[in-house]
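Residues per chain are reported as follows:
2 protein chains.
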Amino acid sequence: MDTIQAITTRKVHRTFAQKPVEAEKLAQIVDAGRHAMSARNMQPWQFIVVRERATLKALGELCSTGRFVADAPSAIVVLKDLSNTRWADIDCAQAVQNMATAAWALGLGTCWVGNFDQERISKLLGVPDGWVVFTVLPFGYPDPKTAAQVRPLKKRSEVVHYERYGNPRP
Amino acid sequence: MDTIQAITTRKVHRTFAQKPVEAEKLAQIVDAGRHAMSARNMQPWQFIVVRERATLKALGELCSTGRFVADAPSAIVVLKDLSNTRWADIDCAQAVQNMATAAWALGLGTCWVGNFDQERISKLLGVPDGWVVFTVLPFGYPDPKTAAQVRPLKKRSEVVHYERYGNPRP
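Protein sequences, first through last, are from chains A and B.
Count along the first sequence starting at 1, add 3, and that's the number in my numbering.
Count along the second sequence starting at 1, add 3, and that's the number in my numbering.
Honestly, I wouldn't trust all of these hints.
[Claimed, not checked] Straight line, CA to CA, 20 Å or less: simulated DMTMM-like cross-link-like pairs of lysine to aspartate or glutamate:
1) A/Lys60 with B/Glu27
2) A/Lys28 with B/Glu166
3) A/Lys22 with B/Glu166
4) B/Lys22 with B/Asp74
5) A/Lys158 with B/Glu27
6) B/Lys28 with A/Asp5
7) A/Lys60 with A/Glu122
8) A/Lys28 with B/Asp5
9) B/Lys14 with A/Asp34
10) A/Lys126 with B/Glu166
Think of the hints as simulated: they come from the structure by calculation, not from any bench.
Working from the sequences, and respecting the hints, build out all of it.
Right under this line is the structure:
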């Protein structure tokens, strides 16, 4: 899919078709994360690809804003390097955006999970000291019976300025 | 350009060809930023598109890790909503990644500028209270005489795990 099209047509999906996600596509999504920008090229991230049903179910139970992970055909858990205090959040966020964009280009939807039980997920997945869970991203083919989340954007005139703040035109 | 190709071939560029960047391309790059994910769809960002030579020169002087902005044909200054304390850094970072990906697909390079004089840039651009400069991104066609920055990635085996941390294979 064309890049601009993927970025500007992507929708948020929380429910997915009962169809497995190919391992090759998950590998491409992880690669998109690996290619994100990071400060001083530190790459303060790790990725755990999950497809086992029991683990997905357990993850869903531990994500207070992501119960839907339990029913997703796959998920990628993004870990953040705790030793990188200044830039790790920003860098991991860029990896996540790349992953969502790549997934959409491959026909897959996802949704950020912001609130979860850090301690219990770390234990479930064997996350070592020095790393924390940054987010859990479910991936799947959109459920054809469920509409994508409506996500109205602020108008260009509300957020775009030229040369100085408040100039609405070039 | 294909999405996966854009994400995985993007390079960091700090020096640019002496060729103007089309206003239409800058509009597409801003749109890519507007379409980033954001927590609760708050969209805690604003974008100032800069093409005036004097402003670019002044910006470069105020970016301690981005002197090259002075010689870029264009830049987009990303502002962050200070009232959104939990997610604004993460959301703005996702906008930046989308902008860098879109730019690359359009033939343009960029480079994150992480350190700059917040107060003086805000004054230069008329940034209102409640907003701060998140980053300054120069955009231009890569300088054919300068190689892109080398940016070796960690190997997949260093950052990818399956089902649990430490499992190297699906």
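Check your understanding: What hint numbers does the structure not satisfy?
Key -> 1
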